[in-house]
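Asker: These protein sequences, in sequence, are chains A and B. Mapping of the first sequence onto my numbering: residues -18 to 305, in sequence order. Mapping of the second sequence onto my numbering: residues 341 to 597, in sequence order.
To be clear, the hints were calculated from the coordinates, so they are not data collected in a lab. None of the values given here were measured: they were computed from a predicted structure. Some hints here could point you the wrong way.
Derived CB-CB ranges, DEER-like [claimed, not checked]:
(1) B:A579 with A:E172: 23 to 33 Å
(2) B:M535 with A:E173: 44 to 54 Å
(3) A:A226 with B:I587: 43 to 53 Å
(4) B:M535 with A:N(-8): 49 to 59 Å
(5) B:D492 with A:E172: 18 to 28 Å
(6) B:K595 with A:A226: 26 to 36 Å
(7) A:E68 with B:G553: 28 to 38 Å
(8) A:E149 with B:V371: 41 to 51 Å
(9) A:E149 with B:S491: 29 to 39 Å
(10) B:A555 with A:G(-7): 45 to 55 Å
(11) B:K538 with A:G(-7): 56 to 66 Å
Even for Gly, the Cβ is constructed at its ideal location relative to N, Cα and C.
Each chain, letter by letter, is given below.
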Amino acid sequence: MDILVVLEHKNGTMHRASMEAIAAGQSLARDLGQTVSVLAMGEDTSQMAQEASAKDVMEVLTAEHPLLKDYSADGYAKVLTQVIEAESPKYVIMGHTYMVRDFLPKVSAALRKPLLGDNIAYRIEDGSIIFTKQVFAGKLSADVVPNGDPPYLVTFQSAAFQEDAAAEGNGAAVRPVEVNLESGHISTTSEEPFQETTTTVDLASADVIVSVGRGIGKEENLSMIKALAEALGGQIASSRPVVDAGWLPPYHQVGSSGQTVAPTLYLALGISGAIQHVVGMKGSKNVVVINKDSDAPLFEIADFGVVGDILEIIPKLTEAVKAA
Amino acid sequence: MKIGVLTKQVPSADSPLKLDGGGKWIGEENVTFAINESDAYALEEALRIKEETGDGEVVVASLGPQRVQRGIREGLSKGADRGIHIEESLPYTSDPFLTATLFANTLRNESFDLILSGLQSDDLGLGQVGVLLGEMLSMSTATLVMETGISDSTIRVKRELEGGWFQWTTLKLPASISIQSGINTPRYPSLKGIMGAKKKEIRSIARNEVDDGGATLQTLRKVYIPQKVKRTEMIEGEADQVVAKLIDIFKRDIKVL
Ligand SMILES: Cc1cc2nc3c(=O)[nH]c(=O)nc-3n(C[C@H](O)[C@H](O)[C@H](O)COP(=O)(O)OP(=O)(O)OC[C@H]3O[C@@H](n4cnc5c(N)ncnc54)[C@H](O)[C@@H]3O)c2cc1C
């Protein structure tokens, strides 16, 4: 087997990162002259397997077991390790999701094979593969190469490949694989997932969002954000550190752990632009960024940018908006 | 409860990042270092668990050049009992499997009930060491943890899922837990703590003593400044001019005024 893309699901429905992973696998297959297979794990994988078999892949493997009904790091790692040992793929590809962060290092440890995580791209140079990832919170990039013999475990950052780039095929065959799993393999028990306090702030439907990051410096300065949001008739959002510090309640947080928003205007104030924030707001129609650091990664997705001190600009902007 | 905490020293957020001559890492001149953000939360959680259970020990372990002892000392001044320093001459280790191996070989005989680490580092951001180490030491593992509840033989943790969801998971001890930022409010060291830390032990171990000669599984070839692709319209001028231009953009281009 050449390339194995491993799918992730929630209640049977495929995670969008998995479709991106299929697109990544197909791209790699073209460049390396290899084939792509797909693996669906779960108690009942029929829906996922059906969705994947419509894509241009050689084969869809299904690993089903009652103990895979609910996610456990031990169960998933055990089964994926077994499949890799039985099928000997060269590359194992997944999206860099929270679940993958949680269990894939276990597979790396069991197989003593590298996990090259959170890549934004790859390229082939002189016949060998080089992966690129962001380091220093996106301010720098790094080229990383695997050593030794395959398999290599590889994950890609959200949106490194486009979901709709996953090419259609003509009905790949589905093949169940053997799974050996016992309750004794799983050292954890999990309760039902839940959401923390529901909110009256509906950021998802807001037209104007004034979003504040750690650059605001201290809690007292939040009053100027509130004044600006009020003047603009917008909602207040924030990056994670503002919530971590307890300056705003969690439901204001935008990003991979928080809300996903798509306003007409996303005004980002003192936010650096880490990927976990960007995934929550990159669908905004207009992004305006004010940051004192001209190298802040968020400028990379801004339509309009100001290099400057928010503490100086915000009060003036608020007055000007009121007067406009 | 015997708790190990892994802390990494990383360039602090507002340090200037300049590439070093070789293009393999950043130059360290003018860089100030700090304890990695999520590691600081992990240390605080360890101290709280120790206080709550009323006995035990918190041991801070760090890998890196001589300078990382300052980070360990900071942990001791906040209340950790002793430190372990794996001395590595390179400023970074880019293979998480190697990092975890060095820690595993160093910490194996400590027989910790619990190892806490930050979820990922602010420099390399590999986010694997806590889980790899747990596997190497046959501990149960969990990541993205936002709350803990400890008992004699288990720990119940609130794990963060995507999009604002959470899940409680109970693990058997010993366990290696990766802590997510925001789990608590880290304390500042007290003056008494700072004075007391000077007398606490930091054991140094040369990296070669704990490197079992296994292969490096991945290699960082180079670091570089990412290429800009998007054309952002930059608004320049004094604050008043910038504000006037923004108002214009809000009205004409974005039409929110
Ligand atoms: C698994 C995981 C999940 C995460 N989930 C989320 C999430 O859902 N949402 C989220 O936002 N983050 C999330 N994060 C954290 C994320 O990686 C970043 O750490 C975070 O987004 C950084 O927030 P920030 O930009 O406000 O802070 P920083 O990165 O510290 O940036 C502050 C910025 O403010 C600028 N600044 C400082 N002072 C001023 C001033 N006076 N004027 C103008 N600019 C100024 C600085 O130049 C800097 O660019 C997650 C991380 C992980 C690992």
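Asker: If you check each hint against the structure, which ones fail?
Answerer: 1, 3, 9, 10
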